[in-house]
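Student: Chain by chain, the residues:
Number of protein chains: 2
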Amino acid sequence: MRSLIICVTFFMSIGLSAQTNAFEYLQPLPDSPVIPDTNLQSNAKIALGKQLFFDVRLSGNGTVSCNSCHNLAASADAEGSALNMKARGITRNTPSLWNIGHMSTYYWDARAPSLEAQAADHLLDPRIMNMSNELKLVKRITAISDYRAAFKAAFKDQKVSIQNVAKAIATFERTLNTPDSRFDLYIKGDKSQLSKAAKRGLTLFNDKGCLSCHFGVNFAGPAPGPALKMGDGFYEMFPTYRGTYYEEKYHFTDDLGRYRVTLDPEHKVMWRVSSLRNIVDTAPYFHNGAVNDIREAIKIMSKVQFNFDITDAEVEDILAFLETLTGKYPEITLPRLPEEKGLSVIDQH
Amino acid sequence: MRSLIICVTFFMSIGLSAQTNAFEYLQPLPDSPVIPDTNLQSNAKIALGKQLFFDVRLSGNGTVSCNSCHNLAASADAEGSALNMKARGITRNTPSLWNIGHMSTYYWDARAPSLEAQAADHLLDPRIMNMSNELKLVKRITAISDYRAAFKAAFKDQKVSIQNVAKAIATFERTLNTPDSRFDLYIKGDKSQLSKAAKRGLTLFNDKGCLSCHFGVNFAGPAPGPALKMGDGFYEMFPTYRGTYYEEKYHFTDDLGRYRVTLDPEHKVMWRVSSLRNIVDTAPYFHNGAVNDIREAIKIMSKVQFNFDITDAEVEDILAFLETLTGKYPEITLPRLPEEKGLSVIDQH
Numbered sequence: 012m013r014s015l016i017i018c019v020t021f022f023m024s025i026g027l028s029a030q031t032n033a034f035e036y037l038q039p040l041p042d043s044p045v046i047p048d049t050n051l052q053s054n055a056k057i058a059l060g061k062q063l064f065f066d067v068r069l070s071g072n073g074t075v076s077c078n079s080c081h082n083l084a085a086s087a088d089a090e091g092s093a094l095n096m097k098a099r100g101i102t103r104n105t106p107s108l109w110n111i112g113h114m115s116t117y118y119w120d121a122r123a124p125s126l127e128a129q130a131a132d133h134l135l136d137p138r139i140m141n142m143s144n145e146l147k148l149v150k151r152i153t154a155i156s157d158y159r160a161a162f163k164a165a166f167k168d169q170k171v172s173i174q175n176v177a178k179a180i181a182t183f184e185r186t187l188n189t190p191d192s193r194f195d196l197y198i199k200g201d202k203s204q205l206s207k208a209a210k211r212g213l214t215l216f217n218d219k220g221c222l223s224c225h226f227g228v229n230f231a232g233p234a235p236g237p238a239l240k241m242g243d244g245f246y247e248m249f250p251t252y253r254g255t256y257y258e259e260k261y262h263f264t265d266d267l268g269r270y271r272v273t274l275d276p277e278h279k280v281m282w283r284v285s286s287l288r289n290i291v292d293t294a295p296y297f298h299n300g301a302v303n304d305i306r307e308a309i310k311i312m313s314k315v316q317f318n319f320d321i322t323d324a325e326v327e328d329i330l331a332f333l334e335t336l337t338g339k340y341p342e343i344t345l346p347r348l349p350e351e352k353g354l355s356v357i358d359q360h
Numbered sequence: 012m013r014s015l016i017i018c019v020t021f022f023m024s025i026g027l028s029a030q031t032n033a034f035e036y037l038q039p040l041p042d043s044p045v046i047p048d049t050n051l052q053s054n055a056k057i058a059l060g061k062q063l064f065f066d067v068r069l070s071g072n073g074t075v076s077c078n079s080c081h082n083l084a085a086s087a088d089a090e091g092s093a094l095n096m097k098a099r100g101i102t103r104n105t106p107s108l109w110n111i112g113h114m115s116t117y118y119w120d121a122r123a124p125s126l127e128a129q130a131a132d133h134l135l136d137p138r139i140m141n142m143s144n145e146l147k148l149v150k151r152i153t154a155i156s157d158y159r160a161a162f163k164a165a166f167k168d169q170k171v172s173i174q175n176v177a178k179a180i181a182t183f184e185r186t187l188n189t190p191d192s193r194f195d196l197y198i199k200g201d202k203s204q205l206s207k208a209a210k211r212g213l214t215l216f217n218d219k220g221c222l223s224c225h226f227g228v229n230f231a232g233p234a235p236g237p238a239l240k241m242g243d244g245f246y247e248m249f250p251t252y253r254g255t256y257y258e259e260k261y262h263f264t265d266d267l268g269r270y271r272v273t274l275d276p277e278h279k280v281m282w283r284v285s286s287l288r289n290i291v292d293t294a295p296y297f298h299n300g301a302v303n304d305i306r307e308a309i310k311i312m313s314k315v316q317f318n319f320d321i322t323d324a325e326v327e328d329i330l331a332f333l334e335t336l337t338g339k340y341p342e343i344t345l346p347r348l349p350e351e352k353g354l355s356v357i358d359q360h
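Chains H and C are the protein sequences, given in the same order. Quick note on numbering: my numbering labels position 222 of the first sequence as 233, and the sequence is numbered without any gaps. Quick note on numbering: my numbering labels position 95 of the second sequence as 106, and the sequence is numbered without any gaps.
Bear in mind the hints are in silico, worked out from the structure with no lab data behind them. Errors might be hidden in some of the hints.
Which copy is meant is left open, so a pair is good if it fits within one copy or across any two.
What the hints assert, rightly or not - Computed cross-link-like contacts, DSS-like style, restricted to lysine-lysine with a CA-CA straight-line distance of at most 25 Å:
1) Lys352 <-> Lys202
2) Lys352 <-> Lys219
3) Lys339 <-> Lys207
4) Lys150 <-> Lys170
5) Lys279 <-> Lys260
6) Lys219 <-> Lys147
7) Lys314 <-> Lys210
8) Lys260 <-> Lys219
9) Lys260 <-> Lys314
10) Lys202 <-> Lys170
11) Lys147 <-> Lys163
12) Lys260 <-> Lys352
13) Lys210 <-> Lys352
As the structure is a computational prediction, the values presented were derived from the model and not from experiment.
Work out the full structure, taking the sequences as your base and the hints as a guide.
Tutor: Shown next as structure tokens:
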């Protein structure tokens, strides 16, 4: 239980009520996520991480890169990725990587305490990158002379290792932020950025209780910092009200969430709170990606979390507010992947 | 047989001998490939084509984009793509898209007469993009308002159609060129660009007969123009000398090439001549991607095409020449894909 902080207890522990002081929890996106001491940012490491992110040779059979599912040309990730991943046993919606450095845990069930741990885990997962072991990964990368040089530049005299591959990728991912949303400009003082509907939506977002979980710089609970150590997740039950029409229609409870990691019955249908930044760009919704339409998603949240039937007008106002959470996506230039002249490092047989 | 021009007859028809006039066939990469009258370039069309190229929503289940296999971050394409494609019935090496506009036919077996035809074919191919029919594709794209606007800008009052999707993608692909290789600078007059070894290699490349097929702007035979209409392919037999150790080892003749399209026995193991531009960056080699190492590939070509055992020193010289064919890859900025606010256009069920 040490790493499990539940919304309500969190608010109790810091002695505030979400209902009365909610607007204190509205914060603009900082210039940078919290950078761990064990993996400082550097230009060399970011450049290397970007190459690795786009390199299919990091997968066992040389066909899948990070970008294959977490498509940085899109705001969301591979749309409907839950679909053909099902055949490989992956039934969860691919999370967006934008602003991901502001999370304190990784995966829907928070089973990785850091971006580094998540990346290393993905590389070896037979359902994802399927690199059978670290030796195979290291052998493949060290066969490419420009990668050897790039690792040397990024990690000094340290060797190529799965930890360093993961560190470089995480370093790049921490640059994937979308600042200057209309909401950010609003909270910094430019009150003209929110329309009347969006302002009504923000009030509803607080009054209905949404903000009690979706607060903080990423609208996903506390970011790592004094209140929450990196690796300590911020969790909620979804659905809170069980047995609804929606639960049945969208099969929400087919997946028991964090319980699958801990086997603690108290963790059944507990999930890491998701970010709402860029939410109108990241359909489909929920852990299983079962809901295509954000209006339906808002209705579902109202019903299954608060047992409250929201009106269509309220849905429109909340949506107007959520639309202001779309930030400015940085321009990304494709890296050029190093090639070992005249040699493929993938075993074709 | 109309569209089938075989190397030897081509040379006869223009009244030249490759052996004596070969250097006339060395040409720098032009500024642009031949643009078909039926699909002129425009900035609007190129920008739309770039978005479509990176958009996974163009595949049936919303998980694969053109860039998934033809990875523009790489010089080659998805390395070893022949690998896990086998499960889907695709046993051929993904061709590089760089300078692809300079080809006169598409696919290893030249079954598409244009880039437009190839793109349209890929969209519907159940093994590739698996869009079950045009209606599904059109419905999905027209559900995204920014795409509707982009199609209007690119194609005036014409509707979204599979032909226009393919045209936009082809327009973008015709911008994917790598000019200014050392070879190009050499042939334009800067003789210092080729080392002594590379110059020996070029002489060998001519003397051994390589140039008799790998000539022209793309080292793949004639580009579309007076000598060859777009859609008329330039073909060769591979292997020419049958029954070698290499043929058996690498299973080259498991695939009968153009015969699979025409069922004409004369087309058995006939293939479109491949480009050699950027060849040291595009391992693995040959139609089935079975050969990882370019030195082995050079030896194989010598043996199975000319029944000639090449020396290691000759291999090194030819490789030194081939290394000069690597051009300058343009910087590509990722497009931002249009999203329909709060809505996924992929059916999750």
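Student: Each hint: holds or not?
Tutor: Results of checking the hints against the structure:
no. : hint              : result
1   : Lys352 <-> Lys202 : between (56 Å within a copy, 23 Å between copies)
2   : Lys352 <-> Lys219 : between (60 Å within a copy, 23 Å between copies)
3   : Lys339 <-> Lys207 : within (22 Å within a copy, 52 Å between copies)
4   : Lys150 <-> Lys170 : within (11 Å within a copy, 51 Å between copies)
5   : Lys279 <-> Lys260 : within (19 Å within a copy, 55 Å between copies)
6   : Lys219 <-> Lys147 : neither (52 Å within a copy, 39 Å between copies)
7   : Lys314 <-> Lys210 : within (22 Å within a copy, 75 Å between copies)
8   : Lys260 <-> Lys219 : within (24 Å within a copy, 69 Å between copies)
9   : Lys260 <-> Lys314 : within (13 Å within a copy, 64 Å between copies)
10  : Lys202 <-> Lys170 : neither (51 Å within a copy, 41 Å between copies)
11  : Lys147 <-> Lys163 : within (19 Å within a copy, 49 Å between copies)
12  : Lys260 <-> Lys352 : between (54 Å within a copy, 23 Å between copies)
13  : Lys210 <-> Lys352 : between (58 Å within a copy, 19 Å between copies)
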